[in-house]
Each structure stands twice: as structure tokens, then as C-alpha cells.
Amino acid sequence: MLKEDQLKKVQEDKKKWGGDLSKMLSETPERLPRFTTVSDLEIKGLYTPEDIKDLDYSREVGFPGVFPFTRGVQPSMYRGRLWTMRMFSGLGGPEETNKRFHYLLNHGETGLSIAFHYPTLMGYDSDSPNARGEIGKCGVAVDTLKDMEILFEGIPLDKVTTSMTINPPASVLLAMYIVMAEKQGVSKKEIGGTIQNDMLKEFIAQKTFMLPPRPSLRIIVDTIEYCTKEVPRWNTISISGYHIREAGSTAVQELAFTLADGIAYVEAAMERGLDVDDFAPRLSFFFDSHIDFFEEIAKYRAARRIWANVMKERFMAKKPRSWMLRFHTQTAGCSLTAQQPFNNVVRTAYEALAAVLGGTNSLHTNSLDETYAIPTEEAVTIALRTQQILAEETGVTNTIDPLAGSYFVEALTNEMEEKAWDYIRKIDEMGGMVKAIERGYPQMEIAEAAYRFQRQMDANEKVTVGVNKYVTDHPPITIWRMRPEIEERQLKRLQEVRRTRNNGKVKECLGEIRKASQNGGNLMPHIIHAVREYTTIQEICDVWREVFGRYTDPGYF
Amino acid sequence: MERKIRILIAKPGLDGHDRGAKIIARGFRDAGFEVIYTGLHQTPEQIVAAAIQEDVDGIGLSILSGAHDYIFPQVIQLLQGKGASDIVVFGGGIIPEEDILSLKGSGVKAIFVPGTTIEEAVKWVRENIKPRK
Chain X
389 MLKEDQLKKV QEDKKKWGGD LSKMLSETPE RLPRFTTVSD LEIKGLYTPE
439 DIKDLDYSRE VGFPGVFPFT RGVQPSMYRG RLWTMRMFSG LGGPEETNKR
489 FHYLLNHGET GLSIAFHYPT LMGYDSDSPN ARGEIGKCGV AVDTLKDMEI
539 LFEGIPLDKV TTSMTINPPA SVLLAMYIVM AEKQGVSKKE IGGTIQNDML
589 KEFIAQKTFM LPPRPSLRII VDTIEYCTKE VPRWNTISIS GYHIREAGST
639 AVQELAFTLA DGIAYVEAAM ERGLDVDDFA PRLSFFFDSH IDFFEEIAKY
689 RAARRIWANV MKERFMAKKP RSWMLRFHTQ TAGCSLTAQQ PFNNVVRTAY
739 EALAAVLGGT NSLHTNSLDE TYAIPTEEAV TIALRTQQIL AEETGVTNTI
789 DPLAGSYFVE ALTNEMEEKA WDYIRKIDEM GGMVKAIERG YPQMEIAEAA
839 YRFQRQMDAN EKVTVGVNKY VTDHPPITIW RMRPEIEERQ LKRLQEVRRT
889 RNNGKVKECL GEIRKASQNG GNLMPHIIHA VREYTTIQEI CDVWREVFGR
939 YTDPGYF
Chain Y
138 MERKIRILIA KPGLDGHDRG AKIIARGFRD AGFEVIYTGL HQTPEQIVAA
188 AIQEDVDGIG LSILSGAHDY IFPQVIQLLQ GKGASDIVVF GGGIIPEEDI
238 LSLKGSGVKA IFVPGTTIEE AVKWVRENIK PRK
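If you're matching them up, the sequences are chains X and Y in order. One rule links them: number in our numbering = place in the first sequence (from 1) + 388. One rule links them: number in our numbering = place in the second sequence (from 1) + 137.
Hints listed in this document are in silico derivations from the structure and should not be mistaken for laboratory results. Errors might be hidden in some of the hints.
Keeping only pairs whose Cα atoms sit at most 30 Å apart, straight-line, the calculated BS3-like set for lysine-lysine is [to be verified]:
1) K617(X) x K534(X)
2) K141(Y) x K260(Y)
3) K441(X) x K814(X)
4) K432(X) x K857(X)
5) K260(Y) x K850(X)
6) K707(X) x K814(X)
7) K246(Y) x K267(Y)
8) K857(X) x K246(Y)
9) K857(X) x K141(Y)
10) K576(X) x K903(X)
11) K260(Y) x K857(X)
12) K219(Y) x K246(Y)
A quick note: this is a predicted structure, and the numbers were derived from the prediction, not measured.
Kindly produce the complete structure, drawing on both the sequences and the hints.
The structure is reproduced here in C-alpha cells:
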């Protein structure tokens, strides 16, 4: 970026500075032997034009809304439209969660995001023995279309988009959403939203799995194929690094494994015969925003640049929209502490700022009490207000990608990109992500990084305030508790649905699903048919477990 | 020579958060214990069967979904039913302070909450779990 004589001058000045610095350090050494990111990436004390001397602005940085989108996917970014404020919510039954949705929308939230309870996430009904002790605790219980109808009472589905964190039974919940919207008078052509539907990262990190990788991938491609034709405003998949990071990966691993998962989905959909430019514009991403400020910002910028190149060069996508990496961000749950929980408000604010400076398209901010339970109304309000303060008061939305051109941020963006490519190449050499997962490769890499971080924490090489430094007692905070009558109500409703629906029709629908599962036809129309008859989530998933077999955890550690 | 302490690290319920369980399994192994890890999504019945079959001295349960109030006492009861209540049960995860007392009352020997170091957990095991005869 600099002329040769200018660069030479910088190098000379740097040498002089280096001399002064050594002299000073011989008297007063630096505070730490190594300065590192939370991912243990070593950071230099100073970055200069020399660190980005080969950076080609037009090719590698460019303009927002223009390939390779390093500076953001929209030409006007937050000056045109703020990110979507989308709080991940689900508690107790559909009644409680519906109330929370209305509360958040009334307080300025701009998109919905459903957290389901564990039985739904794993494809079990609330009355399954596997659901014992779990009902309504980590999210909302949804067994049938009936629950979905209650969940969205009074919410205008032509105006609000909904994200659903759901994986093995993603197709079933999408089907319920489609039918519920239709009953509200909003057609599937109009609804907008996202299903997470990213099974590869489940095997790698989040571990809500049901079927083995290959049939899982087949059902995902069914949803991609169906939505491409029938639900054009739906993001068919949210390719997620969040859970990879929360499981203990480094930022580079999060970046690399997520994009490698994305590559695997694109390949699978193309193998089905889909045109890349038909489905790629509806792929979306989801990243963590951890506590290391600049590392996160560099990660988002690198992610957009790598993906744009992958789509254009590797998959020959032609539409600019296919090249764009659009992403949701959640602040890092794993950075929060049970100790001195009010400090979590501060952590979340810094993390939200990093996400915004990194150009996120949508954001969830964690609540201060989430190291204990689902957030209370008071806690979630502070979390939402954190985003609103960022958007309305701090001025960070005034200009696009304000850290571009920083010697440090550009150099770190380059470094993360290079390191991510090393991983992606390695996974390619293994034969792609499915094969890598079958070998346990990403799982072991993450376990190793998580263990290393814990050891560094235990040795006080890494500091978490209130945990291994500045430790003090803190009074207990009031937390949300699941009321037992919610469980009873849920079980009663499920029984009532089973009693009043047309069970002959349900049986027929399940037969259709079984046949399509075995013969390979697209499952989506059959699933929609089944949920319309109030077939339960487990009834459908049990068919798949029988046809495809179950995936069990290999338990790598 | 005294045999090594054998610990079963178990992940009951449907929750998939295994970061802590895997770290503690590896930390125990590095500390010289014999460690068996069940993997995820185990029912209390499966955990107790594995503990007895593997002849372990202690079971470490890790749970982050909030189902501890059902699952921990269930494991203790099943152990009693099998005449194996000498197997020490301890646990960790997202467990509100007010629940810890009642879990201890039901027979859980210790609950480790976030912020526990590997060394602290290892030390506790050495002091509280002996290889059974």
C-alpha cells in the first residue's frame, strides 16, 4: 500500500524504535512473557504499515457490498438498516414463551429466535422417558403443531422473521411453522426466517444428534431443495461456528471448521443436482463473539473474504448474493461467569461491540444470569438494551467497517485467513468434513484446545475476573425457575392432541414418510402433510431412527 | 500395590454440553486415575449399569440442562437398588446454589460449580474416593 521509499522510511524508523524499546525493556520488562489472544494466538506489541505491505486494497479489502465483502455485505451497512436484534428465547411451555416474545417485541426486538427444550431438540415428545426432568427447562416444549400455534399467537408472521435453533428435527419444525403461518393467512412464499439445520457442527460440537452423518445430510439437502423452490425467503441453514467455539475451539478453528462445514453442504446440494446460484443465496452463518475483541473482528472480516472466494472460485457461483457470507452472532456464553454475575453485562457489551464492528447482520446478547438458568425478564431486558445503546448512542454505526486499514486489524484478518485455509486444506485432504468427523479430527482438535485453555486458566496464565483473579464473595441473584405445573399442562395437552386428532390419517402420513425415507424422495411435502394432522415430533423422528439408525457419541476425550 | 482409583465420568440426560466432562475426564487421566467416559445422552439406568460393570469407585455426573434435580437422585436410588451405594457420586455443571444442599441431602457427595480447577477436583477425589476392595 505504500510506495517503496515510504516503506523504507517506516522500516528505518521501526528499527530505531526497536532500539529504544530494548533499552527500556532492559530496565522495565513487559508485564507478561507472552501477549496472546484468548485463543492463544501471539500478538505483537506494535503493527506498522510493514505488516500489511502486500495488502491489495481492491482485491482483498474493497468496498462494502462488493466482492470479497471484507468490509460487509451491504453497501450501506448500518446506515441503511441496523442489524436484527434477535434474542434467543424459550422457556417453559409455548404460553410462557409467547409472552416472552411479545415482551421482547414490545421492547424493541426486531426478530424472533426460538430456543426449544432438549426433548424437542433431540426429537422426543414431552412424555418420552428420555424427557424426564428436562421439560421446559432449556427452552420451550414443542411436541405438535398445536404448541406452535400457541407459541405464535398474535405475532404477525408477514412482518417478523423467526430463527429456530433446531437441528436433527429441523425439517419437522419448519413444516410446523409453514402450516401454522398458513393457518394465520401467511403463505410459505411470504414467511421469512432461518432453521439452524446444521448437523455437521452437531457431530463436531453441540452434540444434539440423532441419525448418522450421511442420512442427516440427506434430510438437510431435502430442506434446501424444498425451500429453494417453495419457501424463497427462508434461510435453509445456519452454518454455525458458535457451538464449535463454545465447546472450546480457538477462533481460527471456529472459522475454519464452520467454513469447511459450509463447503460440505454446498457439495451435497450440488450433488443432488441443484444449481449453486439457486440455493447459495439462502445459506446463512452463525458465529460466536468471544471476549478477545480484535480477534473476533478479524475473524468476521476473514470469514466473509474466505467464503466469497470459496463460492466464486471453487463452486463457480455467478450471483454476487451467492458469494455473500451473511451471519448472526451470539455473544459468548462460555465467557460469562457464575461468580460476580453482574460483570457479565460488561463482558456481553464488549462482545456485542466486536460483533457490530465486525459487521454482523443479526445479534443475540446473553443475559447476566445465563450461567445459572434461562434469563429472567429483567436480565433479558438489560441484554436487549445493551444492543440498543450500541445502535443508538455510541455512534459506532455511523461509518462502515471503521477498523479497516488498521495495521493490526488488517494483519490479524490476514493471519486468521491463512491459518483457516491451512485447516480447510487439511480437511480437503482427508476427503471433506464428513470423513474428517468420522475420524474424530475436528472433535479432538477442539477437545485439545479446550483442555489447553483450562490448564492455562488453572495456572493463572489466562485471567477471568472473579474466577482466578479479583475473587470475592457475591450475593446470590434471583433466577428463573421452571414451575412444575407447566410440565403437567404440556403432558395433558399432548394427550389431548393424540386423543382428538385423526389417528388413521397420522398413521398414513407416517407410512408416507417411511416410504420416502427408504426410497429417497424429498421428505418435506410428506412432513408438512404429517404435522398438519398433528403428528408429533417423536412419531416422525422414530420412523427415521428405525430407517436410518441412531448415531451414538463416540465419546472422544 | 494399591490399584488405581477408577472413575466413571457420565453425561446423563439430553444435554450435549460435554466440554467440562471431557476436560475433567482428561484431567483425571493425567492425574493417574483410570477414567471411563460414557459419552453423551445416557439414562440413569445406563450410567449405573456401566458403573457396576466397570467396577468403578466413583461416578462424576456432568449436567448443564437443569435436569440435575431429577437425574442425580435417580442415579443414587438406582445404585442403592443394586447394592452399590459404596460408589461415590459427585457432580458438576450449571447448578444453582440453592439446589446444591438438596442434592447433597439426596446423597451426592460433592458438587463442583464453574470456576473449579482441575487440581481442586483431583485433590477432592484423592481425599474422598478410595479404591474399593
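Hint by hint, here is what the structure shows:
1. K617(X) x K534(X): holds, 26 Å
2. K141(Y) x K260(Y): holds, 15 Å
3. K441(X) x K814(X): The given pair, whose Cα atoms are some 28 Å apart, holds under the 30 Å limit.
4. K432(X) x K857(X): Holds, because 25 Å separates the two Cα atoms, which is no more than 30 Å.
5. K260(Y) x K850(X): Holds - the C-alpha atoms of K850(X) and K260(Y) are around 22 Å apart, at most 30 Å.
6. K707(X) x K814(X): holds, 28 Å
7. K246(Y) x K267(Y): Answer holds: K246(Y) to K267(Y) is near 14 Å, not above 30 Å.
8. K857(X) x K246(Y): Given pair K857(X), K246(Y) holds - Cα atoms ~28 Å apart, limit 30 Å.
9. K857(X) x K141(Y): violated, 34 Å
10. K576(X) x K903(X): Given pair K576(X), K903(X) holds - Cα atoms ~25 Å apart, limit 30 Å.
11. K260(Y) x K857(X): Distance of about 21 Å is within 30 Å: holds.
12. K219(Y) x K246(Y): holds, 19 Å
Hint violations for this structure: number 9 only, all remaining hints satisfied.
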